[in-house]
Amino acid sequence: MASLGELERAVMDLLWAGHEAATANTLRDMLAQSTAAQGGAAGHEGKDLAVTTVLTVLSRLEKKGLVERERGTRPHRYQAVSSREDHTAELMHEVLGSAPDREAVLARFIGSVTESEAETLRKLLGHS
Amino acid sequence: MFWTSYFLAVLAIVLAWPVPILLSRAHWPARDPFTAMLLWQVIGLAGGLSMIGAMLVYGLEPVGDNLIAGLQALAGMVLYNAPTTSLGFWHLFALSAAALLTAHLVFTLLLTYFKIERQRRRHRELLTLLASPSADGTGTVVINHDSPVAYCLPGGARSVTVLSDGLMAALEPAELRAVLIHENAHLNQRHHLLLWAFAAWRQALPWLPTTRLAQEAVNSLIEMLADDVALRTESKATLIKAIAIVASGSAVPQAAPVLGPAGLPGAGLQLPDGAGSGSASTTASRVSRLLSPRPPLPAALRATVVGVCVLLLAMPTALLIVPGLLG
Chain A
52 MASLGELERA
62 VMDLLWAGHE
72 AATANTLRDM
82 LAQSTAAQGG
92 AAGHEGKDLA
102 VTTVLTVLSR
112 LEKKGLVERE
122 RGTRPHRYQA
132 VSSREDHTAE
142 LMHEVLGSAP
152 DREAVLARFI
162 GSVTESEAET
172 LRKLLGHS
Chain B
11 MFWTSYFLAV
21 LAIVLAWPVP
31 ILLSRAHWPA
41 RDPFTAMLLW
51 QVIGLAGGLS
61 MIGAMLVYGL
71 EPVGDNLIAG
81 LQALAGMVLY
91 NAPTTSLGFW
101 HLFALSAAAL
111 LTAHLVFTLL
121 LTYFKIERQR
131 RRHRELLTLL
141 ASPSADGTGT
151 VVINHDSPVA
161 YCLPGGARSV
171 TVLSDGLMAA
181 LEPAELRAVL
191 IHENAHLNQR
201 HHLLLWAFAA
211 WRQALPWLPT
221 TRLAQEAVNS
231 LIEMLADDVA
241 LRTESKATLI
251 KAIAIVASGS
261 AVPQAAPVLG
271 PAGLPGAGLQ
281 LPDGAGSGSA
291 STTASRVSRL
301 LSPRPPLPAA
311 LRATVVGVCV
321 LLLAMPTALL
331 IVPGLLG
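In order, the protein sequences belong to chains A and B.
Under the numbering used here, the residue at position 46 of the first sequence is numbered 97, and the numbers go up by one with no gaps.
Under the numbering used here, the residue at position 297 of the second sequence is numbered 307, and the numbers go up by one with no gaps.
It is worth saying that the hints were derived from the structure and are not from the lab.
Mixed in with the good hints there might be a few duds.
[Unchecked claim] Restricting the straight-line Cα-Cα distance to at most 16 Å, the calculated cross-link-like pairs of lysine to aspartate or glutamate (EDC-like) are: (1) K114/A / E182/B; (2) K251/B / E141/A; (3) K115/A / E141/A; (4) K251/B / E168/A; (5) K251/B / E182/B; (6) K251/B / D238/B; (7) K246/B / E182/B; (8) K115/A / E135/B; (9) K246/B / E141/A.
[What the hints assert, rightly or not] Some chain B residues close to chain A (C-beta under 7 Å, calculated; not the full set): (10) L136; (11) L139; (12) Y161; (13) E226; (14) I250; (15) K251; (16) L301; (17) S302.
Being a predicted model, the structure only gives us computed values, none of them experimental.
Just so it is clear, CB atoms sit at the ideal spot from N, CA and C, and this is done for glycine as well.
With the rest of the complex left out, here is chain A (with noise of 0.2 Å):
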């Protein structure tokens, strides 16, 4: 059995892919599909896979806010909140913080440094 952890990725890796909604059974299938195509044990992973451990993890990632389902529809769709690239982007701007002026940085930077130093910087940078 692979890990929730695993499987969570597999799921999104899925939606992200799909871009439309899927059900845990079509979800299910790709996933043992997808396995099998790797072959050996992994094939033999997916087969055992139950619709119950795809619901498992699908809550899981709603609970984390990644995914969402459709409430009207029996049984119910799921999709993914936001893009892979929104994620991405989303950690990006934590890490950058609310983007301190890039043209400020610079500016700042190319003020402070001395002749000399700018002239080892542009050797070292291939200008040379």
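On the provided structure of chain A, position chain B as indicated by the hints.
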């Protein structure tokens, strides 16, 4: 007792205002980031201690000759309803202020901790879905992003260093190694704890401008410390190039006198909360200390600073505790 409170108050004011301003303007910290780091920690710690101590000592003055006797008398009043008539209005005011300030500092420290923890957990959750393990070793993952970005996410055994595709593409192997060593140095030297403490300090006393100075100085000093670790194995040119590429945001800097037009500051972001992100001055001082290195601090001067650190910590503690032990 009386003079102790005045002395502590003066010490608190000196540590809260002129000393951090002077230190933030000094040039020697770039020559010895470790000692400077020590001094900033001591300033914060001794500053807080003397602030609280001054009020405590003043408030307890009528009921005890020293802090320990005073605290015993206070415990009697609080727990056993001993008469409080010996305390005047201002004594009670000072005692309440000391209690409130202590609670405020501790509470802010905890609050900041949980805030950072929550953000990191969320960040780690997303990383496990978005990033793939890198070939460079365990604890390193690669995320799909064009800007050259490198940072580490502290979390005990689950600490992870994150590199972007853009970074991998822009850097030569040696430069990449330098960046990885730099990030690992942040993790090994537990820089996130320093960032946490100083972020909390600033959060707790936002009206005190020197808490901002302290945080900025610490942000920049930890980058220098991590750079120094990278310099042990990688050449200076490699490291400077790596920093410049990350700061310029592209592999081939075009136009502009020195660097490319876009600049993502800092190769060494360590806290995903923005507080740790390298600022313009940080990148500038990092590169310029590598480009025109100055000799390390003379041993005598270094010993003096360490001595001052010990004294600063020992003084408020001694003034508060020793009279009680002697008497």
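Please verify that hint: I250/B, Cβ, nearest Cβ of chain A, below 7 Å or not.
holds, 6 Å
Just to be careful, I want the Cα atoms of K246/B and E182/B compared with a cutoff of 16 Å; is the pair within it?
holds, 14 Å
Measuring from the C-beta of L136/B to each C-beta in chain A, is the shortest one below 7 Å?
Hint holds; L136/B Cβ to chain A Cβ min 6 Å, cut 7 Å.
Report holds or violated for the interface hint on Y161/B, using the least CB-CB distance to chain A and a cut-off of 7 Å.
holds, 5 Å
Mind checking the alpha carbons of K115/A and E135/B for me, to see if they're no more than 16 Å apart?
holds, 9 Å
Hey, K246/B versus E141/A, does the alpha-carbon distance stay inside 16 Å?
At roughly 33 Å apart (the allowed maximum being 16 Å), E141/A and K246/B break the hint.
Holds or violated: are the alpha carbons of K251/B and E141/A at most 16 Å from each other?
violated, 28 Å
Given a cut of 7 Å on the nearest C-beta pair, is the interface hint for K251/B held or broken against chain A?
holds, 5 Å
Decide if the proposed pair is consistent with the structure: K251/B and E168/A, CA atoms, cutoff 16 Å inclusive.
At roughly 13 Å apart (the allowed maximum being 16 Å), E168/A and K251/B satisfy the hint.
CA of K115/A to CA of E141/A, is that 16 Å or under?
Distance ~15 Å between K115/A and E141/A Cα, so the pair holds.
Check the hint pairing K251/B with D238/B against an upper bound of 16 Å on the C-alpha distance.
This hinted pair holds, its Cα atoms lying about 15 Å apart.
Checking hints one by one. Is E226/B an interface residue toward chain A, by the C-beta closer than 7 Å rule?
violated, 12 Å
Violated hints, in rising order: 1, 2, 9 and 13; the structure is consistent with all others.
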